[in-house]
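Colleague: Letter by letter, the sequence shown follows residues 144 to 1080 in this note's numbering.
Just so you know, these hints were derived from the structure itself, not from any lab.
Every residue gets a Cβ at the ideal spot worked out from N, C-alpha and C, and that includes glycine.
Worth double-checking, as some hints may not be accurate.
In silico SDA-like pairs for lysine to any residue, Cα to Cα no more than 20 Å straight-line [stated by the list, open to error]:
#1 Lys-1051 / Glu-997
#2 Lys-519 / Tyr-637
#3 Lys-894 / Val-1073
#4 Lys-532 / Ser-482
#5 Lys-682 / Met-797
#6 Lys-199 / Lys-565
#7 Lys-946 / Asn-924
#8 Lys-471 / Tyr-637
#9 Lys-199 / Val-380
#10 Lys-964 / Thr-814
#11 Lys-599 / Lys-565
#12 Lys-1078 / Met-734
#13 Lys-760 / Met-734
#14 Lys-277 / Glu-196
#15 Lys-658 / Tyr-637
#16 Lys-1062 / Asn-924
#17 Lys-1078 / Thr-814
#18 Lys-438 / Leu-593
#19 Lys-897 / Glu-978
#20 Lys-760 / Glu-860
#21 Lys-902 / Met-734
#22 Lys-869 / Lys-599
#23 Lys-984 / Asn-924
#24 Lys-438 / Asn-170
#25 Lys-791 / Lys-760
#26 Lys-677 / Phe-823
#27 Lys-519 / Lys-565
#28 Lys-706 / Lys-946
#29 Lys-471 / Gln-664
#30 Lys-565 / Arg-255
Computed beta-carbon distance windows for the label pairs [unchecked claim]:
#31 Lys-388 / Lys-956: 40 to 46 Å
#32 Glu-178 / Ile-877: 53 to 59 Å
#33 Asp-639 / Pro-891: 18 to 24 Å
#34 His-982 / Thr-298: 21 to 27 Å
#35 Asn-446 / Gln-326: 58 to 64 Å
#36 Ala-996 / His-236: 33 to 39 Å
#37 Ala-996 / Gly-715: 54 to 60 Å
#38 Glu-529 / Ala-385: 47 to 53 Å
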Amino acid sequence: MQTLFFRISFLILFILPFGSFAQIDLNQLAPVDPEVKIGKLPNGMTYYIRHNEEPKDRASFYIIQNVGALLENDNQNGLAHFLEHMAFNGTQHFEGKGIINFLEKNGVAFGRNINAYTAFDQTVYNLSDVPTTKEGLADSCLLVLHDWSHYLLLTEEEIDAERGVITEEWRTRRNAAFRLRSQFFPVLLKGSKYAVRDVIGDLDVIKNFEYKTLRDFYHSWYRTDLQAIAIVGDISVDEIEAKVKKLFSEIPAVENAPVRESYPIPEHDEDYYVLATDKEASQTAIQILTLIPNKDEKEKNLNDLRLQLVHSLFNSMFNQRISELLQKGTPPFITGTSSIGGFLRGYDVYTIGVTAKPNQEDIALEAILIENERVKRFGFTGSELERAKTNYLARLESSYKQKDKIDNDSYISNYVEHFILKDDIPSFDFEYDFSKKMIPTISVEEIAVLSKEWMKEQNRTIIITGPSEDARHLTEAETKAIIAKVKSMPVEPYVDVATSSSLISGELKGSKIVKTKKLDQFDAVEWTLANGAKVIFRKADFEKDQVTLSSFSPGGNSLLDDKYVESASVLGAFVGNYGLGDFDAITLRKMLTGKKVSVNTNIGTLTEGISGSGTPKDFETMLQLVYLSFEKPRFDLNAHNAYMARYKAYVANMANNPQKIMQDSLSMILTNYHPRTRIFNVDLLDKVDFAQIEEIYRSRIKDASDFTFIIVGNIDETEVKPLVEKYIGSLTDIDRKEQWKDLGIEMPEGKTHKDISIKMETPKSNVNLAYSAGLKYTPWNNMALSIISGILKLRYTESIREKEGGTYGVSVKMDLSHYPKPEASANITFDCDPEKADHLKSLVYGEIDKIIAEGPTQVDLDKTIENIRKSREQSKQHNNYWSSALYNYYFHGVDNNDPANFENILNKITTADIQKVAKQFFGTADVVDVVFFPKTE
């Protein structure tokens, strides 16, 4: 498990370091955060309650079940997950869809705020971002948790209805990755119950189990001694605790309950090997996993926290080496990784893995094994460790400054791990102080000793996954021969190359601000520099340790000749690998050690721009990178070729992916086969030209006078102003004024219908409906489309998912674009049983026709408006709200921060208004109706 800071700071790579052996007794337990109140009721139920104001006036309510798929009998395979679904289909106090209907009226949306998940060892339900200002709503949420604990109705009618929903979830999730995992998990976890459970379960069981079988599972395992509730938010801890004690103590404990077993994975001395293939596999991967048993839950102490820190630094350093390898010459694989960390209950796992180029598994495997052997024999250098520590401390410091922005669900995710795995939940203050003291004590010698233990040859499994057709894979004998070869071959130690300390050489002249304009409605200021650049600055301290920069200039790819299309399509992905100024990407990354800063280039269809983010202390570094991006971009042919080799291999591997095939087909149809539409494949990459990338970049990312920069963050104007003058003021201007071109990329006129058959392993239909129509760009129309989208989601959830059991979910996306011309669009998609596709599609059309003919119901309108209003309130508590508001003001000429353009519309819009806009849009729209079916042999 990862404690709170570990979750917040770069989730996988970095975990807390440790401290002074002489001053801290590492055999003691970490102190529990005093801000969380933990208790246990007489019936055995545990509770966690904490006051937190991120976000303000919101709270999250969870029930945590120490129950998952491992507790199923064979005739219950899939029922832990099935039961999770049933919690939303009738309880003692909320019959039918009562929980969802009640909460959605209060702005708590199903899917985003109301949800649950099931895993091998746990099932967790959540009601998130619940408004605490609505009288009685918190009490109702507690009642929901109360019912989920012991009072599900599990009616026969609702069980049968949910069989269809879960069958469609099974169909949706059963992709190539799932099928591959189903082949290698039984080998990796051989001899354990993990090997015969996959959570989603057996489809025959799901369709045919007896009602009593599900009820027996529920009453055996959903019980107070295996349950915890967690409530975190803008609440009174004492008041909530009193209510918890009163309401939940009445739930009876289960007598003569079965023992909640843990399930070990048998150890093995010999290597296991498994080759898993699938016709739709889009890449060839090799992994070597070594399972490492954890301590017993009762023995965990600060030593374990320290070990996590060593894990973090090891992962950072090893993956940095792999990253460098991928930047040089002809990379031996597409991607590579190494990590040590948590895996399953009771186990860590040490992993090395690569994504191989087609038919080059031997080269890829040998290369990653050599790097592993290099670390095993020689460890890491002192300079590598110092960089890893410096980077870690920078993230730690940044996270600590923003500790007040830790949201309710982040806290609860740690309480889940505390309850399920008995992991530590110290306060952030403790973790921060502890880490600062401990990091200096971690040495390269210690990491070298521990890494040898992780790289042992026991409990090791070799997993190769890839396509089943047109590919040759390494056999077990060949794989083991490569392992033996590398183990005995000579390997040189890693050499760490020193770096320069200054990004920019020479003095910058800069230019002064010649015009200042106050933007009172945003509490911002607009500066115009002598070189013509326009800079808008707003101080915002919602995120305490963040500054962001965005910029735009009109033109984009629309001004390019068609011959540049292929090169332009990959430019954004490639240029980040070239480095900047005098420094290649490897050197640049080392020079930015200890700095939390990034800058990216984007050249879109209508605009180009540079964006960046960083901490206030690294703001100058961010502007230096912006300056270099304009004035001294780097074009490194060796880096280009290295990345292209990996990129081509990746794209070639996607050829068998049905999702890619469907997306390519849709792209061509939706753009009416426009000459600018390209299928992203190896043929396209063959036409990418390095010289063209440089030409495009230099033509678009230049002329400060045509750029608008937006800077938002927790930094004072007095600090920003001189740095803007120095760096943005030093950008070259040529006083060009450009405008994008309308390329005429449009959907086909009228209604276009196509049924397309493609090869797929799991038979399913993918239904796609797209609408497009001219619609004036106004705040009113924008809001109306957002409301229509929300209402349709409600309708489709009720009619297609719940009533018909026809799909796991329907996606509805509606948008109003301003440029190159005002136009509204809608995209509605879902997966389903091919035999039901036409019927379910008719229901999609039917709900739209109903809104056009009758308007939405007031209930659906109120639910949607409440959800939009709540999201707006929360978004205002973040810096990026102001970045977005300023961008819309300067790019679209609309002040979305003005209540007249948002809140006032919500307050007065009616069902008749929605009906009018729906009729105006859907009634005049061009329509593309595409359904993909499985190809029959």
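Colleague: Taking the earlier hints as the rules, which of them does this structure contradict?
Modeller: Hints 5, 6, 7, 11, 12, 15, 17, 21, 22, 23, 25, 26, 27, 28, 29, 30, 33, 35 and 37 not satisfied by this model.
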